[in-house]
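**Q** Just so you know, the sequences run in chain order R and G. If you read the first sequence in the numbering used here, its first letter stands for residue 1, the second for the next number, and so on. If you read the second sequence in the numbering used here, its first letter stands for residue 1, the second for the next number, and so on.
For the record, the hints were derived by calculation from the structure and aren't laboratory data. One or more of the hints may lead you astray.
As the list claims (entries may be wrong) - Derived DMTMM-like pairs (lysine to aspartate or glutamate); straight-line CA-CA distance at most 20 Å:
| id | chain 1 | residue 1 | chain 2 | residue 2 |
| --- | --- | --- | --- | --- |
| 1 | G | K40 | R | E366 |
| 2 | G | K26 | R | E406 |
| 3 | G | K417 | G | D468 |
| 4 | G | K26 | R | E430 |
| 5 | R | K26 | G | E56 |
| 6 | G | K120 | G | D74 |
| 7 | R | K417 | R | E369 |
| 8 | R | K40 | G | D364 |
| 9 | G | K45 | G | E56 |
| 10 | R | K367 | G | D28 |
| 11 | R | K95 | R | E145 |
| 12 | R | K417 | R | D364 |
| 13 | R | K26 | G | D74 |
| 14 | G | K367 | R | D28 |
| 15 | R | K367 | R | E406 |
2 protein chains.
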Amino acid sequence: MPNPAVSMEALFHPRAIAFVGVTLSKPDHWTRTLLNGILKFEWEKPLYLVNPRGGELLGHKVWTSLEEIPGPVDYVIATVPAPAAKGLVAQAATKGAHFIHFCTSGFSETGQADRIVLEKELLEEGRHHDVRLIGPNCLGLYCPESRLSFNVAFPRDPGGVAFLSQSGGNAIDLIRQAGARGVRFSKSVSYGNACDLNESDFLEYLADDPSTRIIALYVEGVRDGVRFRRALERASATKPVVLLKAGVGPAGRWAASSHTASLAGEESTWTALCRQLNIIRVRELDEMVDVLVALNRLGNPRGKRAAMVGAGGGAAVLITDGLEANGIQVPQFPRKIIDEIASFTEVAGNMFGNPLDYSQSMADLEKLERTTNLIARWEGADFLLFYLRPALAIPRAKGILPLIMETLSRGAQESGKPKGIILSPSIYPEDAEGVFELVQLCDRLGMAVFFSFSTAAQAISRVADYYDRRS
Amino acid sequence: MPNPAVSMEALFHPRAIAFVGVTLSKPDHWTRTLLNGILKFEWEKPLYLVNPRGGELLGHKVWTSLEEIPGPVDYVIATVPAPAAKGLVAQAATKGAHFIHFCTSGFSETGQADRIVLEKELLEEGRHHDVRLIGPNCLGLYCPESRLSFNVAFPRDPGGVAFLSQSGGNAIDLIRQAGARGVRFSKSVSYGNACDLNESDFLEYLADDPSTRIIALYVEGVRDGVRFRRALERASATKPVVLLKAGVGPAGRWAASSHTASLAGEESTWTALCRQLNIIRVRELDEMVDVLVALNRLGNPRGKRAAMVGAGGGAAVLITDGLEANGIQVPQFPRKIIDEIASFTEVAGNMFGNPLDYSQSMADLEKLERTTNLIARWEGADFLLFYLRPALAIPRAKGILPLIMETLSRGAQESGKPKGIILSPSIYPEDAEGVFELVQLCDRLGMAVFFSFSTAAQAISRVADYYDRRS
């Protein structure tokens, strides 16, 4: 049985790391990615590279074995081939390491009998030596607080979201895309085949982790359904839980088993579980990003009534349709507010109502602030939603767009209402820089940034429903 | 009554254009956009700029009136203010112009009684002088064959898709985004308030236009329901019609009336109409782009069974779920094919089945081609779907990604099956160039390029259903 005295806390805060790979001298993709993550993410404590051939790599001495290392090693990251994995466990135990992360694939996920046995033996060896295993077939840990990361492009500053992901690729994708929109993470674990430490171990820890406010899960299958349910109950009792359960249809289930040797479980069980525990269920990574952004920036919107200001008449019509189709209300402003706005704003090229299209006068910052303020203060709406198509606006108004964003934000400030913005991106590289800068700016201004009205509406709706059910 | 002898054909192929604007010397946004479109889009026939003050603009003489222009003028583009619009009609008639496009806004869309009257008088003046009007409150014509465009960033080469759009902003957005994925246009009209020439006039013309194969419509409201229905019947009898009917919910309907003075009509009528006439109905511009891409590149896929090859284990699971949830089948490959692939491909890091995840061996082009060929030839699938997350792959494999795309294409060639690819974009500017180049390359290789699995699945499903119902 695993040693309960070895805490998860120690896993996320190791005193020293050893990186063991046979391909260190000519690193394959994942070895390179992981090494890059650790080396360039400002890991400040000792890092030992280990390879039987010794030598030097990127200015680091390469030790020929774990034993040879002078100081203590708490955590081993291994990219050794599958058949060499088991042998490493005893060595790690001798060195006093309590955790090994096996990035290595080629175990039970292949479905081949001999490789299933290999994984089973690996687990037994871990149990025998009191060494806990992460993986195999995964990317391991991201903990910005410890400056530990499996990817160099992740946010450096920590935040309140934990992401457990059975898939490493999905973890990279989600953390990078959510990171661009202001979501920051306490911890993330890519845990792959989960032969030893599994989703329940991590979830139990995260439920009580004081630095984690929100928990996101990408799960292909669960090792122990009863225990996982209990962990979900505990976690969801105090924190919003967002779940992407993958492997739903027949081919999807095959893919899940083939990817991480997971048994996908019955769809109806998952549906019931999410309903009972008020878990926000999503179907795509982008959708998960949207929900995290909404949780992060809108908090509890207290209702589903939007007050909208933006630029683009056709966009306004489509956005309103999209919001209404997804359960967001766009109530009409009182006559008094409309008349007041009309008293100082040109009518041609604008639309006075909710949505308030300010296409023609957007660059008149004084009027824009006054208008936004009038709308924001109206008690008939729960939150503010701005919209703009930067790709259409950038060629004409690149310089003024940041000022417009700041003006919208200032106009909304007094009301204290949550605010979101829909900034549709563009595939053209010449638009990319401008759109990205706006996204970053809006996030800094405290806006939840969405890329389309339907995804914005879905995410806001779900978060509002979540808080509604919780209260 | 309008003069029936003046053909639409003449509208799209004018011998000379006059551009009339009071703001020519200090152009506002739309004047600048329209002028830019015409001047920089290689318009080769005469263009006359007209402004009472005369002078010169961008190397062009500015004439003080239409009358003063020496040669014939078929088509007038006007950005004069609303109150000056009516006066221009008689002048245009005197000059022999049969069409005026009024970009000008501030008419019936404002909902103000005096401005509704202004639009009515404008129409009466047009009728009186036998001058047909486009707009007001719109961007007018895009006809690459004539080198006539209302936006400089549109594709130069013509193609088979016509887009009628009541909204100018939505037209710009759709044409640019679809253009990036290989969709090319015969004509597009942004027709705004449609006080004279309306959706039915244009649709009747496009139904018989030999250079138009596919018709896309963005409609907020319809002037004459009976006539429009007849036009839709005629168009949809021979050509795929994709419809985005905006102004659906209560606030959406208000927005539509406020944007283009449209009466949105009953949702149930539209639903029934689309079902009866086999019209592909979409709800967002992105969805319209996806359907156009699928129609353009996949043609008639003859069924909904996908054979998949790509890179990314977690992506494979999610994509398969997404496809199955949207009515695309992912049938398992026969044992014989899987065994053959396994005989020459390493098992660790790959997944042998459908989806076939080739993460580990993607860069081994010989194996990739052989594998793709085996899968493509299998008669159990109707089309091929590739997938890749370029943002994850670009840092490691930027140079080889184009070769991988070409190899996938070559592997599929013999089968003659339609092929699509899911290339998820990234908001990071450093990924933008690489993703865009891949998108362009895949399009050139004849692949339908999609940005997410759910949108890909929806678009493919709809197009397959369309052809199924048609046959």
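**Q** State for each hint whether it applies.
**A** Taking the hints in turn, this is what the structure says about them:
At most 20 Å may separate the alpha-carbon atoms for a hinted pair to count; K40/G and E366/R exceed this at roughly 34 Å. Of the pairs offered as hints, the one joining K26/G and E406/R is violated, with about 27 Å between alpha carbons and a cut-off of 20 Å exceeded. Only pairs whose Cα atoms come within 20 Å are accepted, and K417/G paired with D468/G is accepted, the gap being roughly 17 Å. Under the criterion of a C-alpha separation no larger than 20 Å, the hint pairing K26/G with E430/R is inconsistent with the structure, at around 27 Å.
Note on K26/R and E56/G: the hinted pairing is violated, with a Cα-Cα distance of about 66 Å set against a maximum of 20 Å. As the CA atoms of K120/G and D74/G are separated by approximately 23 Å, the hinted pair breaks the 20 Å bound. For a cut-off of 20 Å, the pair hint linking K417/R to E369/R stands: about 15 Å separates their Cα positions. Note on K40/R and D364/G: the hinted pairing is violated, with a Cα-Cα distance of about 29 Å set against a maximum of 20 Å.
For the suggested pair K45/G and E56/G, the alpha carbons sit about 19 Å apart, so the restraint of at most 20 Å is met. A C-alpha spacing of about 18 Å is found between K367/R and D28/G, which places the hinted pair at or below 20 Å, so the restraint holds. Of the pairs offered as hints, the one joining K95/R and E145/R is violated, with about 25 Å between alpha carbons and a cut-off of 20 Å exceeded. Distance hint between K417/R and D364/R is unfulfilled; the C-alpha atoms sit about 23 Å from each other, more than 20 Å.
Only pairs whose Cα atoms come within 20 Å are accepted, and K26/R paired with D74/G is rejected, the gap being roughly 70 Å. Distance restraint check for K367/G and D28/R: the Cα-Cα separation of roughly 18 Å lies within the 20 Å cut-off, and the hinted pair is therefore satisfied. Between the alpha carbons of K367/R and E406/R the distance comes to roughly 13 Å, so the proposed pair stays at or under 20 Å and holds.
The structure is inconsistent with the numbered hints 1, 2, 4, 5, 6, 8, 11, 12, 13, although it conforms to all the rest.
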